[in-house]
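Visitor: Chains as they are written, first to last, in our numbering: chain H, 115 to 411; chain Z, 3 to 194; chain V, 206 to 788; chain U, 3 to 132; chain A, 306 to 673; chain R, 18 to 222.
Source of the hints: derived by calculation from the structure; they are not laboratory data. Every value quoted in this text rests on a predicted model; they were computed, and no experiment measured them. All C-beta atoms, glycine included, are put in the ideal place defined by N, C-alpha and C. Please note that the accuracy of each hint is not assured.
A short, non-exhaustive set of chain U residues, derived as facing chain Z with CB atoms under 7 Å [unchecked claim]: (1) ILE7; (2) ASP69; (3) CYS85; (4) GLY92; (5) SER123.
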Amino acid sequence: MIILDLALMLITAYFVGFIYYGLYRNITARFQRRIGPTIFQSFYDSIKFFGKKEAISHGWMFYLGPIIMATGAIMTLFFIPFFYQSESFSGLSGYGNLFLVLYLMLLGPLGNAMGVGVGGNPFGVMGVTRGLTRLFALELPFYIAVVAIMSISQSADIATIAGSQTTINAFAHPLLFIAALFSFVAMMGQSPFDVVGAPVEVYSGPASEFSGKFLSLLMSQSAIFSFAKLVLMVNLFLGGADGFFELLWKTFVLFLFVIAFGAIYGRFKTPQSVDFLIKVPTVIAIVGLIFATAWGN
Amino acid sequence: MFATIKNRFATTDIEVKREDLYKVVVQRDAIFELIFMLREQYDYQTLNAITCCDWIEEEHFAITYILTTSDRKQSFMVQTMIGREDAQIDSLTHTFEQAEIMERDLHEMYGIDFPGNQNLVELSLENWVHTPPLRREFDTLEFVNNNLSFREGRDGNMDVKKEMKRLRALKKAQKAAAKKAKEEASEVSDGN
Amino acid sequence: MRVLSLIISLLALWGVSTLFGSEAHWQIDMGSFGLEGVVIGLKATALANFFALLIAIGFFSISLIASKYKLSKGFYALLYLLLVSLFLIVYAEDYLLFFVGWEVMSVTTYLLFSYDLSREALIKYIVFALASAMSLLGGIMVLYSASHSFLYTDAHQGFIALSATLQVIFILLMLFAFFIKLGVIGFHYWLMDSYEQSSDFFTPYLSAVLSKMGIYALIILLVYVVDIHMISGTWLAYTLAIMGLLSSIIATFKAVNEDSMKRLLAYSSIAQLGYIVTVLSMADGLGGALYHSLIHTLVKLLLFINIAGIIYMTARSKFSELGGLIYRMPQSFVLLLIGIISLAGMPPLAGFASKFLIYTTLLEGGNLLILSAMLFASASAFLYIYKLIYGIYLGHPTSKRYETIREVPLAFLIPQYLLSLLLIVAGVYPGIVIPYFNTILKELRLETIPFESYTILGSEMASYNGFVLMSAFVGVFVLILLFMLSLRSKAKEAKDRFDIAYCGEVPDEGTHLHYGFSMGKELKRVGFIGVILRNSSSVFYDYISRQLFGFATVFRKLYSGNLSFNFNIAALFALILLWWGLR
Amino acid sequence: MKWSIDISGTLSPLGILAAMMQKPNTIAYPAVKKETAVGYRGFHTNLLVDCIGCANCQDVCMNDAIDMIKTDKEYNVKNSSQCIPRIDYGRCCWCSLCTDVCPPDSLKLDEEYLGVTQYASDFLYMPKDK
Amino acid sequence: METNKHITIFHGPQHPGITGNMSVELDLIGETIQKATTHVGYLHRGFEKLVERRTVIQAFTIVCRICVPEPDPNEANFAMAVEELAGIEVSERVKYIRVMVLELSRLASQCMWLAGQSGSIGLYAVGQWAIADRDLILDLFEELTGGRVYHMYIYPGGVRRDLPDGFLRRLEKVLNHFKKRLKEYDNIFINNASFKSRAIGVGIVSPEECIKNGYVGQVLRGCGIEADVRKDAPYLVYDQLDFEVPTAQGGDVYARALVRRAEMDQSIHILEQVIDKMPEGEIMVKMPTHRKFKLPKNDTWVKVESSRGEFAYYMAGDGSEKIRRMQVRGPSLVHAFTLLEDLLVGAELSDVALIMNSLGICPPEIER
Amino acid sequence: MDEGFLKEQQVMESDLNSETSHKSSVDFLMDWFRRRSIFVLAYGTGCGAIEMPPTFTSRYDAERLGIRGAATPRQADVIIVSGYCSYKTLRRIIRTYEQMANPKYILALGSCTVNGGMYWDSYNTIKRLEDYLPVDMYVNGCMPRPESILEGFMALQKEIGDGKISSWQKYEDNYAFYRKNQEAVLGQTVAPAYDADWYLYDGGL
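Here chain H stands alone, though its shape is the one from the complex (with noise of 0.2 Å):
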C-alpha cells in the first residue's frame, strides 16, 4: 500500500514538477516579450536526453553522484506530507520530521557535489562550492523561520504544523514569511542567487560535465525536488492543502512569485548573495521570531 503511495507521490510531483517547468519557461518567455516554447518542452527535453546515444562518464562515483541527488529529491519529497489530513500521500512522512527533511534536502546537492569534483572539471567544482556556500547563506533565515514556526506549532511533524494553522502563517507571521521567501527563491536557484549555474561565469556550473542520461536525471531531479520544496513551502506557510486543487494553486502562485523575482533583478555575485542573506532576511527573520515568541505563545 504505502509502496503505491509512494509511486502515486513521485508520478505527481515528476509531471507537476514538469510542467511547472514548462510553465516557468513559458512565463519567462512571455517577460521577456516572446512566445516561448510549448509548456511541455522541459519533458522533451528530459526524455530526448535520456534517449542520447551515449552519456560521457567519469567513472563510477561521476556515474553515481547524479543518482545520489536523484535520490536525496526523491527521499525529501517522500517525507513531505502532500495534505494534511488525507492518508493517501502522506508518504513516508509519519516516519519523519522537519528536521530530517531539512537535512534530505541538503544530501542530494552534497551527493552530487562527489560526482562533480571527480568529473575533475574545474568549473563543475566552482558551480560546488558556489552552491555550498549559497547555502549556508540562504539556511539561516530559513532555518530561524523555520524554527520559529515549529515553535508556534509544538511539533516538527510537518502535517502537524500544516493543520495547526487556523491563521495561514503567511498572514499570522509575516516577517517570517518574507525571511523565508527570500531564501526560497535562492533555493530554487533564481535569479538574483543563481550564481551556481551562471552561464556567463562558471560555464554551465555543476553540471559542465553531465551528458546524456546524468543530464536528464539532474533535471527530472530538479523538476521533482522544485515540487517538493514548493510542497514543503505551503505546508510550513500557506496553511497546507486539502486536496490538490488546493495544492497546486497554493504551489503555483508561490512558484509564480519566485519566477517573477527572477526575471526583476540581475544576479549577484556569490559574496553578494551571502551577505545580502546573512543580513536583510536574517534580521527580518529574527524580528519575526521575536514577535512570534513574545505574541504567538
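Given the coordinates of chain H, assemble chains Z, V, U, A and R onto it according to the supplied hints.
Guide: For chains Z, V, U, A and R alone, coordinates are given in the frame of chain H:
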C-alpha cells in the same frame, strides 16, 4: 614646433595632411628622441598605433608611430624606414604600455624584431612556421593552393575573351564561308 | 611492542566492558596517610563507563594502525601511562584523583608531543596545559575550602556553601581549565599546532578521546557540583551556550580556509565540541551531549585514521598538494565518505541521530535562536566537509606520482571499516544506545530520553525511524541505479582525466586544475566571515608572549653568565626566604 | 561586498512584469513570414534575353565566385560569348558588385534568400531567368 | 604564484560569457583573478593581406566584415581614406546619409551592448527586448542597403543607393519607438538595484591611465574626459550637427554604462536633425571602373568614432589600383590586452563578463 | 542543372516514411523527442554568430521550436559553425565536437563553410568544412538571415525526426579520413592523443 623638428630631425618636410594630422619622416636613430620630445614638450601623450608598410621594391619597411595629443585633437605620424632583412627597431614598451601589443602584432605579421619587448609571442596565428604573412613576398593564394583544396565541380568555366574571339572567328569564318558560298553561288550563277 | 599495544587495548576494552553495570567501587580514607578527612576513590559509574568505553575504543583503533609507525619503546610506555591517566580521570570519584589524572595526562601528552612537535608548538602546549592545570587546582582548592572533601558527592554542598563571588571564581577557574582542553574558540591557540604537528598515529586519539576528557570534566562539574537541574537561565548556561556557538561558527569558517587536512579537522573538532558545550547548557541536553560525544569519537577516529593513511602513502598533508586519489584508493574514499556524511549529520547515517537529539532538545527547551545558529553552523560545515573529500580524493592529482599510487595498507582500513560499521548500525538503529544513556541519566537523576524501539529516535514533538529511512534510501537508490543501467543510452568512459569540457581548450599536465586550495577563499569577501577569517586569537596571545618576552629579557640581563655571581644572588634569595619563614 | 538599500532601484525594475500583458515581439517564423524589403540582396537572377555574356561580373568578383559557362540553351544574339554566369554560393558574399557592373542590367539580386541543403554540391547556382 | 595553489581556467572561446570568439586565460585563487592573459586569433582571416590582393573597389566589400556587430564605421573609414588619397569630394547628401547610417549603426551596436551587459548579470529580459529593438534598425538597414548585417553601402565616392520613398518617415517612427523604450531600459536596467550593486566600483580605470595608454570611447568618457572624434576632429557633417559628448565620473562599469546610455540619446538626437536637414543632391560621384581606379603613392590616417571609441585606418597607396597597405586600429586592440589584463587582476570571476562587456571588446577587429 | 534550389525543396517535402518503416517504436519515439528538443552549443565561431541573438531571442524566438542554447558541449546536440573557421578555431571546434555526446549534428552557416566564401584566398581559414567534420545541414547566405537559420533548423529537425541523419556515425566510421585532413592543416596537435582511439571504444555501463 615645426621648425624645431625640421631642424633637429627631419629628412623631409613636415607634411600637413589634414588640419589635425601631420606627418614627418625621420632617420631611424632620431625617431625615439623625436617621440620623447613630442611627448614631453608638445603634449603628444598617447601612442595610437604603430603601423608598418612593406615597400618591397625599395627594400624597406616604413614604420609609422602615430601619436595623439592629450586633448585628442591633433595627431602626428612619425615615420622611419628600416631594412627588410633582419628588420628590427627598439621597443617602445618602456614608454607606452600599449606598444607591447602593437609590436607583438607587427612582429607576428612582418617578422620585425623589437628588442626590449618581453612578450613577442604569437598573437593571432597558431603554430605558424611559414613566412610572416603580411610580408609582400608571401603569396596567400599560392599558400592556399598548396595547403588546402577548393571544392570540385566548378569545371565548365570558359575564358570569355577567348570564347568571344573564337566565336567572332567562327562568325567571321561563317560569314566568310557564307560569303564564299554566296560568291561561289554567284560564280556558279555567273558561270551559268 | 605493537602486539603488546593491541593486547593492552583489547584488555582495556574487556576491562571496561566487564565494569558495565558492575557498580565497582573502591574508596580509601587518606587519613592513614596523614591527610585527615580526605577520602579518595574510584567508582565505575555508568557515566564513567561510557567515557571509559570511548577511551578504549580510541585506543583499540589507533593500536591497529600502530604497526605502520616506527615508534620507540618510550613512546609506547608514555602511551600506556596516558591510558592509565585517562582511566584515572574517568573512574575517579573525587577531584584529587581527577586532578592527578589530569596532570599526568597533560604531562604525558607533552612528552608524547615532544617526539614530533616543533619547539614553538611544544611551548604553546605546555604553557596552556599548565595554565589549565593550575586553574583546575585553584578551582579545586576553592571548592575544598568550603566542602572540606574532594568527593564529587560532597561537592554540591560545598559549592552552595561558597559565597556568590567565590562561586563565580570557582566556575570561571574550572571552565578555563576545561575550555583549554576542549579548545573552545579563544582557548584553542595551542591546539592547532599540536594537532597539525603531532604524529599521525597519535592525532586520532588526541581529537577523538583526549578532547572528550574536557567534556567529561564539564559534565562532572555541571552534574555533581553545580547541579544541572538549576542551570537554566543562569549566567553559566549563557556562557556555555555562547562559547559553544562561537566555537562552532567561528571554527567552521576557519576550517574552510585551511590548506592542511589536519588543521581543517582540528577546527572541525572545535566546532563539533562546540555543539556539545552548547547543549550542556541545558538540563535536558545531556543525552544529546553523550550521543554526540559518541558519534564524534567514532567519526574523528575514522577521519583522522583515514587521512593518516593518506599521509602515510603520499607524505603530503595539504590539499594543494593532493587530489584525484579516488580511483587509486576507492576503499579509503568510501570510508571517508561515510565519515563525512556522519560528520555533517546527514541522514541516513548516525551523525544525524545525535544532531537530531540535540535539535529536539533545544526545540523543546525553546532555545530557538541557539537552535537556528546551530543549524546554521551545521549547514556551513558542508563547505569544509566537501573541501576535505574533494581536496584529497576528487579533482585532479597534483603530482604524477598519484597516478600510480596504491590503496592504503590494510592496517589503516580495518579500524575504518569497524568504525564505519558502527556508524551505519547506529544510523539504522538510532535508538540502540538510548537505553544505556537512560541508565546514565537515571543515575544522574535527569530526565530520560523517550525510548520506543531501537529503530525510532525522538520524542513526541519529533521522531524519526532510522530503519525506514535507511531502507527507503537504499531502495530508491537501487531503483534509480537499475533504471539508469537499463537505459539504452550507454555511459562512455572518458578516456583521460583531461577529457573535460574546458571551453574548447585542451588542458594538459601543466595546467593547474585542482581547486583544493582555493575552496572557500571567496568567503573572505563576505562581511562578517571576512572579519572571522582575517582575525585570530593568536594576535592576542602573540601580543602577550611578546610582552612576556620583553619582560623576560629584562630578567635575562640579570643573568650575567658569571656563575658565582648568580650563586650569590641565589644564596641571598634563600637567606631572605629563610628569614621570612622564621619570622 | 557593498550593497545598500535602494528603494527606487528595487521597485523600478518591476516594469518588466508589465511585459507579460503586452504583445510579444516574436515573428512566429514558419507560420508568419515577414516580407523582405524591396531591394534585399538575395539570390541572383539573370534575364537571359538581355545577358550579353561579357564576363564583367566575373571580372569584378573578388571572390572568384562566378563561372561563365555554356549551356544547351540558346541565348540572344547579342550574347557575344554565348556564355552565362553561374554563381558559386560557396563563395558569394552578396555584395552585388556584379550587378552594379552588368552593362545590360540583366544580372540582378532577387528578394528570395532561403537555401538549405544537406549537400554542399548544391551550392552551384544557376541564376533564375527572370 | 605558488604552484598548485592557483587554478587555471579558460574563459572562452567556447563560453557563454565571452564577447565573441576569443578567450581569456585566468589564474585564480578562489575566484579571485591573479593573472589574466588574453588570447585572440580565433577569427584571424588576414584582412590586411586580402585587401592588398584586391583592387580598391573589390576591397570595399570586405572591410565591413572587420567588425561584425558594427560594420559601418569600417565602411565609412575605408571610403574616407580612399577619398582622401584619391582626392574625391562627396556631396552634402552623401555626408548626411553616411551620418545617418553611422548613427543608426551606433544605435544598433549599443542595443547589442545592452543585451550583452544585461546578460552578463543574468537580466535576460532586457537583452531579449534590446535585440528585438535592434532588429527594427536592421529592418531599416535592409530597406536602405539591401542587407541586414553587412550593408556594403558606403562606397568610395558616395553611397550605393538613394533613400527609398518614405524612409525618413519610417526612421522617425523607429526613433520614437526607441525613445519610449529607452525610458523602460532606464527603469529596468540602468536603475536596477542589482545592476548598480554589481557595476559600481568594478573595473575602475583612472583618467591618467586612459590618456597614457590610449584608451578610447566609453572608457575615456567614463572617466570624465570629454573626448569624441566627432567633436575633436569632425568628419562628414558632424560639425554642423548639434550634439553633446556625454561623460560620467568614476571610471567604473556603471559609469561606462551611463555614458553608453546617454550616447543612445545623442544618437537619436543626431538622427532627428539628419531627418530635418537631409539635403538633396547626388549620391555618387562618377567613379572609374575597378581596374582603372588608382590610388596615388601617399598614406593617411583616418578615424571615426565607432560605438566603442575611436576607430582608425592607416592607408597607403602606391600608384596602382591596389592598396599597398591598410592597417586597422580598432578600439578593442588596446582594450582587450593592456586594459582588460590590468582590470581583471584582483577582480572576481563573476566580473569578467561584466567588465568585458563594458569595454565593448569586439574580437574580429583585434586580429582582423 | 536545376534552376535555383529545387533540391532543397525536395528534401524538405519528400515523404521519407517508406525508408524508416523498419524503425522500432522506441526509436520512432526517441527520434520524435530528439526532433522536439535541440540544444545548440553556445559557440559563435565566426561572423554568423551575430545573427544568433536575433534567432534565439524574442524576435524570432527559436525556443518555440524547442531549440535552445547549451553552455557546454556535454549538453549540446547541435554545433553551429557560423561561417569561416580559422585554424585556431577549427581546432577548438573539433575538440568541442568530439566532446559532444552522440547523436550530435553540425549546422554550417554561410558561404565560407562550403567553399571558402569571401576568404577563399585567406591563408588562415579552411575552405571546406566537410573535409574535417561531417556537416548535416548547410544554410545559404552571407550571413544567413534568422529566417534562413530557422529554416536550417527545421530541415535538420525533419531529418532527425525521420531518423535519417547519422553523421556522427559517419564521423566514427571514417575517422581516419577526417583525422588525416585535420592533421594536414593543424599538424599533429589537432587533438590530444587520448582521443585517437576513442571511436573504437564500445561498452560502458
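Visitor: Each hint: holds or not?
Guide: Okay, the hints, checked on the actual structure:
1. ILE7: Violated. Min distance 40 Å.
2. ASP69: Given a least distance of 4 Å, the restraint on U:ASP69 holds.
3. CYS85: Check passed: Cβ of U:CYS85 comes within 5 Å of chain Z, closer than 7 Å.
4. GLY92: holds (6 Å)
5. SER123: holds (6 Å)
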